[in-house]
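Peer 1: Produce the entire structure from the sequences given, and follow the hints as far as they go.
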Amino acid sequence: MTTLSGAVVLVTGANGGLGTHFVGQALERGATKVYAAARTPREWEDDRVVPLRLDVTAPASIAAAAAQADDVTVLINNAGTANGSSVVGDLTATRELFETNFWGALEVANAFLPALRSSHGTLLNVLSVLSWLGIGDAYSATKAALWSVTNTQRVAWAADGVHVAALHLGYTDTPMTAGLDVEKNDPADVVRAAYDGIEAGAFEILADDTSLAVKAALSGPVESLYPQLQGAAR
42 MTTLSGAVVL VTGANGGLGT HFVGQALERG ATKVYAAART PREWEDDRVV PLRLDVTAPA
102 SIAAAAAQAD DVTVLINNAG TANGSSVVGD LTATRELFET NFWGALEVAN AFLPALRSSH
162 GTLLNVLSVL SWLGIGDAYS ATKAALWSVT NTQRVAWAAD GVHVAALHLG YTDTPMTAGL
222 DVEKNDPADV VRAAYDGIEA GAFEILADDT SLAVKAALSG PVESLYPQLQ GAAR
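The number in the numbering used here is simply the position in the sequence shown, starting from 1, with 41 added.
If you are wondering where the hints come from, they were derived from the structure by calculation, not from laboratory data. Mixed in with the good hints there might be a few duds.
Derived CB-CB ranges, DEER-like [what the hints assert, rightly or not]: (1) Gly-242 <-> Pro-100: 43 to 53 Å; (2) Gly-202 <-> Ala-108: 17 to 27 Å; (3) Arg-94 <-> Leu-132: 36 to 46 Å; (4) Gly-202 <-> Leu-259: 26 to 36 Å; (5) Glu-84 <-> Ala-134: 25 to 35 Å.
No residue lacks a Cβ here, since even glycine has one placed at the ideal position from N, Cα and C.
Peer 2: This is the structure we're talking about:
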């Protein structure tokens, strides 16, 4: 199991709604250093935070970040975006979404694997309840793909002593969901659940009741997840 006390943590998407909490709560739990990675790093009022330039869609940027932060013991793969794209019709925007949410997350994980192997550290992939629900269209597709990869990483890297965990969450009060008039999680609660799960050695962290309910429904008929299919013509 990984403890945050004494850890060196790297958070991608550190400037975002979840990212800032991942940085702050890592410090609260005793991390000695936190790399706050973003395309445009900002200054932090704490000497333990190291701003790190990282564009997850640019292999050269990823390689440079991995070379600089080669002492990482906990990698929070948090960077992500939504652009309203669809898997139906013109796929240009969908491909762009995959570059960040899927390929970017995979490239980052692979780049930092040597550091995680050396430290017997932890990788946390920030997924979504939409990993299991297609109602988010292309966004759901990116998260479902990353969920599958997470399972592969988990099995492939276990022998190296690398703990791979996934975080699933429903709507959370971040800039990404600002335009949605729905009930939302407090991001601080989500990050707290994530770090509790990491320290407990959990492989799958379900941060809210929505994620618990949808995961439980996966073994049932598909109509239970998609009520709009009930009574549909066959």
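Peer 1: Taking the hints in turn, state whether each one holds.
Peer 2: Comparing the hints with the structure gives:
Range check, Gly-242 to Pro-100: Cβ separation about 32 Å, and the 43 to 53 Å hint is violated. Distance hint check: the CB atoms of Gly-202 and Ala-108 are about 22 Å apart, consistent with the given range 17 to 27 Å. Judged by the Cβ atoms, the range 36 to 46 Å given for Arg-94 and Leu-132 is violated: they are separated by roughly 30 Å. Hint check: Gly-202 to Leu-259, Cβ distance near 30 Å, so the stated range 26 to 36 Å holds.
Range check, Glu-84 to Ala-134: about 32 Å between beta-carbon atoms, so the 25 to 35 Å window is met.
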